[in-house]
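The listed protein sequences correspond, in order, to chains P, Y and G. Quick note on numbering: the numbering used here labels position 55 of the first sequence as 55, and the sequence is numbered without any gaps. Quick note on numbering: the numbering used here labels position 20 of the second sequence as 20, and the sequence is numbered without any gaps. Quick note on numbering: the numbering used here labels position 277 of the third sequence as 277, and the sequence is numbered without any gaps.
A portion of the hints provided could be inaccurate.
[Said to hold, decoys possible] Pairs of lysine-lysine residues, derived as DSSO-like cross-links and limited to a Cα-Cα distance of at most 27 Å, are as follows:
| no. | chain 1 | residue 1 | chain 2 | residue 2 |
| --- | --- | --- | --- | --- |
| 1 | G | 360 | Y | 209 |
| 2 | G | 479 | G | 448 |
| 3 | G | 234 | G | 142 |
| 4 | P | 78 | G | 30 |
| 5 | Y | 209 | P | 148 |
| 6 | G | 178 | G | 306 |
| 7 | P | 148 | P | 78 |
| 8 | G | 257 | G | 298 |
| 9 | P | 78 | Y | 180 |
| 10 | Y | 180 | G | 479 |
| 11 | P | 56 | Y | 180 |
| 12 | G | 414 | P | 78 |
| 13 | G | 428 | G | 414 |
| 14 | G | 407 | P | 78 |
| 15 | Y | 209 | G | 142 |
| 16 | G | 295 | G | 305 |
| 17 | Y | 180 | P | 111 |
| 18 | P | 78 | Y | 87 |
| 19 | G | 360 | Y | 180 |
| 20 | Y | 53 | P | 111 |
| 21 | G | 319 | G | 360 |
The set of hints was computed from the structure by calculation and includes no laboratory data.
Spelled out from the first residue to the last, the chains are:
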Amino acid sequence: MSLQLAEDRRDLIPPGLNLAGCYQCGKCTAGCPVASRMDRTPNQVVRLLQLGRMEKAISSGAFWECVSCQTCTTRCPKSVDCAGAMDFLRQLSVERAASAPSAHRTVLFQKTFLRNIRRNGRLDELELVRTFKTATFLKDLDIPFLFKDASLAPRMMRRGKLKLRAEQARDRGVLDRIFERCLEAKL
Amino acid sequence: MEIGYYPGCALHGSSNDYETSVRACLAALGVGLREIDDWICCGATAAHSINHKLSIALPARNLALAARDGFGELLAPCPMCSMELLKAEQSLRADPELRKDIAQIVELGLDRKTAVLNLIQVFQKIGLDQIKDAVKRPLDHITAACYYGCLLTRPPETLRFDDCERPSTMEAVLAELGAKTVAWNYKTECCGAGLTMANEATVLELSHKILMNAASHGANCVVVACPMCHVNLDMKQRDIERRYSVRHGITIYYLSDLVGMALGLSDAALGIDRHFVYRG
Amino acid sequence: MARIGVFTCWCGENIARTVDVDQVSAAIAKLPGVRASVNYKYMCSDPGQALVREKIAAEQLDAVVVASCSPHMHLRTFRKTAEAAGVNAYRVEMANIREQCSWVHHDRAAATAKAVDLVRIAVAKVRWDEALEPIRVPVTRKALVIGGGVAGIQAALDIADAGYQVALVEREPSIGGKMAGLSETFPTLDCSQCILTPRMVDVGQHPRIRLHSYSEVESVSGFVGNFTVTIRQKARYVDTAKCTGCGECWNSCPIKKIPSEFDYRLGFRPAIYIPFPQAVPARPVIDKENCTRLKKGKGCGFCEKKCQAGAIRFDDQDKLVTEEVGAIVVATGFKLYSIGKQQENESRSGYGEYGYGEYKDVIDGLQFERLVSASGPTGGRIARPSDGREPKNVVFISCVGSRDNAKGVPYCSKICCMYTAKHAMLYKHKVHDGQAHVFYMDVRAGGKNYEEFVRRAIEQDGARYYRGRVSRIYEENGKLIVRGADTLAGEPVTIEADLVVLAAAITPAAGVRDLARKLNVGYDEYGFLLESHPKLRPVETASAGVFICGACQGPKDIPESVAQASAAASKALIMLSRDEMTREPEVARIDEKNCAACFACVRTCPYHAIERGEVLTPRGVFVKHTARVNPGLCMGCGTCVSICPSKSADLAGFSEQQIYAELEALV
């Protein structure tokens with residue numbers, strides 16, 4: 001029977017995050033506004049990365065609950081870039097198409113957002129709402145969620161905040177090429 | 001004075017009241033804004049959540065466009081945009097190899113340095129004394145909770161602006177306008193940022209706490225300098241009230257709104273009448 | 001013609017395995033002046049040394065070269081051996097063919113050739129060695145102790161009890177240091193003042209201790225065994241000889257509300273005051289910044305009117321006095337890291353997120369000691385500084401400033417885990433229905449009975465320990481909201497506290513760098529004084545005759561400070577036990593006839609060992625200026641030799657002639 005050693009993919013971690021400096025003091029968790037919503041707290045997520053347990057780490061919904069407020073990195077006594085570690089995990093989980101099911105709406109939102117600006121150069125808000133709501137509905141068939149923010153449309157329109165025809169960047173070809181060059185995988 | 005201007009998607013989208021406010025207020029102070037030609041989205045949260053290179057390339061393209069247009073410095077009123085632009089600028093200055101790589105990706109030269117300013121910094125550049133001298137209607141009915149949010153001061157190594165634990169630059173501006181400000185505890189606590197649609201529960205909870213704390217410390221309004229914060233505290237205020245069965249009814253002003261008001265501009269001229277929480 | 005003996009050591013296999021010692025002996029035997037060239041397995045052993053003595057006698061040798069290990073190991077051994085056999089100890093040289101040859105090379109042929117070169121150089125050098133005698137330096141058999149905390153007190157008592165005079169300088173009005181302000185000490189919970197004050201009284205009454213209280217060291221000159229120290233006795237405005245310590249003056253002073261230094265600003269004192277009742281000396285001082293009469297030159301004077309002994313002296317001045325001492329012990333202690341935004345060192349930014357300095361009920365560890373202390377501002381009742389109410393929930397936070405590379409100091413302050421547990425216990429003993437919460441990263445309890453003590457706090461006194469740091473503290477409705485975490489359970493922890501106590505980092509006392517410069521003692525980037533060797537010489541410094549002990553060397557608790565104090569005292573006593581001490585004679589000397597008196601050497605000598613002197617005729621008529629080396633201070637570094645433009649400076653035992661001879665022997 002062969003020895004089952006735990007995964008160790010520390011080699012994937014970007015060096016600038018200084019994860020080796022973390023001594024698990026928990027100040028990041030203490031200051032995180034959404035820590036109580038996370039299945040693993042920020043310090044626990046960093047710990048998994050220190051051990052190289054990538055699969056376990058990206059299976060957590062924690063980094064998609066993260067609001068990128070930067071409080072963790074700012075107060076860390078060891079200058080560990082905890083917010084950067086959250087970014088890294090988001091990127092890795094999208095790359096591997098392996099995000100926690102609980103996070104599917106947030107993942108979908110970010111992907112939809114990026115597709116939107118790839119096409120338009122600037123955010124087309126109406127299209128964003130339309131495509132995001134449609135995509136989530138197709139995934140979870142949640143009708144209330146589909147129509148939830150519908151009443152906002154007239155209220156925004158009355159205030160001149162809703163543009164039916166969104167503005168686009170002129171040179172959209174360069175946008176597409178920038179995306180092409182940066183993304184290895186398709187969104 | 002004329003400076004470069006990077007509005008970002010929010011100010012040309014559903015937060016166009018912020019642009020109205022900024023333009024009107026700065027014009028009244030003699031500052032002209034020249035929009036960067038053909039700017040693109042800075043990438044916001046989506047880019048740094050999905051691809052590291054993209055999160056540098058998108059803001060880098062805008063810095064290159066600004067340089068091409070001949071701007072040494074530009075105003076980005078949205079702190080998300082200004083933070084991404086500053087972060088990209090610093091990464092590019094620190095790493096020549098990266099700069100070469102990104103220059104190729106964005107198809108423009110990146111050798112010129114561009115300074116990025118937030119709204120408060122522009123007011124400081126104009127000079128708080130100048131602003132005080134221009135005040136026509138002191139804001140003695142305003143008792144404001146200055147809400148900085150996350151990205152005006154964090155991370156401090158990148159932004160080097162104000163004190164990230166006890167900021168006071170917004171209060172300093174308001175002091176010149178004759179407004180009162182309160183000491184309160186949620187100055188830099190996150191409102192939930194861009195997760196308004198994807199994770200509404202988080203946004204409602206965090207924004208509710210901010211409004212509660214502002215009110216309990218005696219504020220009759222909240223002042224922000226970020227369109228995302230404004231959306232979460234203003235547009236979503238009714239949803240917060242429903243969710244937590246409270247009545248907040250707190251006006252959320254942009255900093256430029258208050259400066260403009262003190263200078264004698266009307267609500268309509270400043271876009272204040274287009275806020276969701278507005279008493280006329 | 002020199003008669004040189006060369007002794008090559010095998011050092012067992014250490015040298016002989018790589019260097020062919022027979023070949024070395026044979027090659028060296030051919031050099032002119034070499035009368036004996038032998039090798040042996042262990043030169044440092046008794047038979048080895050006997051071999052040296054035997055050859056000295058047999059061949060009438062007048063110089064010895066030992067080719068073996070580093071001179072750090074056995075130079076002294078071989079000097080004694082040579083001396084015993086009639087060869088001057090300083091006509092002994094060593095060639096290091098172990099650390100610098102056999103231990104670092106593999107090729108036998110090359111190593112052997114190098115060993116031969118090394119020995120040849122040593123032979124060339126020893127030829128020019130002068131017969132030197134150790135320098136005798138008189139010793140002033142008196143010591144100076146700087147700092148009157150528990151370490152300074154212990155050192156002073158040890159030296160004085162051994163029969164020597166001690167001058168003890170303390171800058172506060174009373175001795176006692178930080179320990180005098182503590183409530184109880186771990187792990188015994190002894191009352192701190194009760195165990196310290198008898199020692200303080202011993203110092204005050206000791207016939208051989210001269211206490212300079214409210215004084216500071218102004219300047220230090222001289223050298224080991226012969227220091228001249230100028231001490232500034234700050235004006236007390238009270239004649240301590242006449243004063244009886246009756247207290248009429250401080251009871252009548254109308255300026256009552258000055259934040260008390262002894263109570264760390266939690267209490268008040270008058271302008272004329274005694275820091276605490278058990279002060280030694282029990283004499284008040286007048287604070288000239290706040291005294292009406294001293295500020296305005298007229299008015300008030302109530303204390304003067306009330307004083308039956310006529311001891312008030314508004315015309316008092318600082319006095320400079322001189323002490324001549326042979327040894328100096330530095331025991332300047334520590335202060336706490338200032339937690340608020342203002343930092344001494346601009347590269348550190350403080351902790352705005354903790355609200356220290358902004359919220360009255362966020363205090364540091366030393367302030368809590370005063371709250372608990374029976375002689376404190378609340379008489380030992382634990383009360384919130386803001387409203388005086390008894391706190392029912394107290395949060396203690398460890399590592400504030402310590403173990404923090406980003407904003408504080410990277411090191412561990414060693415004592416905070418223990419005193420935090422103590423604080424939790426003392427709080428619970430006084431407030432039976434109170435709850436202590438401790439946020440910690442680790443619990444460092446390595447001393448005797450320390451671990452048991454901490455477990456008592458948790459298991460018997462019910463202190464709640466959460467493993468995690470605190471991110472932020474803010475005040476809401478009179479309560480302090482503490483946002484912390486417990487990493488073991490994996491959750492954020494929020495406590496509504498009535499009082500928060502921050503265990504701030506231990507840093508050296510203010511002004512220690514200036515004092516260190518006066519004493520020529522090194523200090524690290526935090527200001528902790530540098531010991532000669534961290535393992536083997538913890539109480540000595542690079543400056544001969546100056547010793548350190550206690551927290552000025554690094555954070556430590558009372559038993560360690562006391563132990564180090566006795567250690568420093570014993571080192572001082574080694575020096576003071578004789579009328580004179582000997583120093584190695586390998587020091588610089590100036591050829592006064594040749595010296596052009598440019599004094600470049602005076603300016604560059606790192607030990608200030610060279611003076612501007614004069615050459616006089618026997619009748620005392622001035623002939624010329626000259627530089628002159630003080631052999632008591634010179635450390636033989638050779639800087640003056642290299643800088644002297646007229647080649648008047650030279651180093652005994654390492655003369656220019658010797659250096660050239662070595663080089664010529666090589667090429």
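Results of checking the hints against the structure:
1. Using a Cα cut-off of 27 Å, the hinted pair residue 360 of chain G and residue 209 of chain Y holds, with the two alpha carbons roughly 25 Å apart.
2. Distance hint between residue 479 of chain G and residue 448 of chain G is unfulfilled; the C-alpha atoms sit about 38 Å from each other, more than 27 Å.
3. The straight-line distance between the Cα atoms of residue 234 of chain G and residue 142 of chain G is roughly 23 Å, inside the 27 Å bound, and the hint therefore holds.
4. With a C-alpha separation of about 64 Å, the suggested pair residue 78 of chain P and residue 30 of chain G falls outside the 27 Å cut-off, and the hint is violated.
5. A C-alpha spacing of about 23 Å is found between residue 209 of chain Y and residue 148 of chain P, which places the hinted pair at or below 27 Å, so the restraint holds.
6. Between residue 178 of chain G and residue 306 of chain G, the direct Cα distance comes to roughly 32 Å. Violation of the 27 Å bound is thereby established for this hinted pair.
7. For the proposed pair residue 148 of chain P and residue 78 of chain P, the alpha carbon gap of about 43 Å is over 27 Å, so the pair is violated.
8. For the hint linking residue 257 of chain G to residue 298 of chain G, the alpha-carbon distance of about 20 Å falls within 27 Å, and the restraint holds.
9. For the suggested pair residue 78 of chain P and residue 180 of chain Y, the alpha carbons sit about 38 Å apart, so the restraint of at most 27 Å is broken.
10. Between residue 180 of chain Y and residue 479 of chain G the CA atoms are separated by roughly 25 Å; this keeps the pair inside 27 Å, and the hint holds.
11. Proximity of residue 56 of chain P to residue 180 of chain Y is assessed by CA-CA distance (about 51 Å); at most 27 Å being required, the pair is judged violated.
12. Of the supplied pair hints, the one linking residue 414 of chain G and residue 78 of chain P holds, its CA atoms being roughly 19 Å apart against a limit of 27 Å.
13. For the given pair, residue 428 of chain G sits about 23 Å from residue 414 of chain G by alpha-carbon distance, which is consistent with the 27 Å threshold.
14. A threshold of 27 Å between alpha carbons decides the hint, and for residue 407 of chain G with residue 78 of chain P the separation of about 9 Å falls inside it, so the pair holds.
15. The suggested pairing of residue 209 of chain Y with residue 142 of chain G is violated, with an alpha-carbon distance near 68 Å, which exceeds 27 Å.
16. For the suggested pair residue 295 of chain G and residue 305 of chain G, the alpha carbons sit about 18 Å apart, so the restraint of at most 27 Å is met.
17. For the suggested pair residue 180 of chain Y and residue 111 of chain P, the alpha carbons sit about 43 Å apart, so the restraint of at most 27 Å is broken.
18. With a C-alpha separation of about 21 Å, the suggested pairing of residue 78 of chain P with residue 87 of chain Y holds against the 27 Å cut-off.
19. Pair hint residue 360 of chain G plus residue 180 of chain Y holds up; C-alpha atoms about 24 Å apart against a cutoff of 27 Å.
20. For the proposed pair residue 53 of chain Y and residue 111 of chain P, the alpha carbon gap of about 15 Å is at most 27 Å, so the pair holds.
21. Restraint check for residue 319 of chain G and residue 360 of chain G: not satisfied, since their Cα atoms lie roughly 40 Å apart, outside the 27 Å limit.
The structure is inconsistent with the numbered hints 2, 4, 6, 7, 9, 11, 15, 17 and 21, although it conforms to all the rest.
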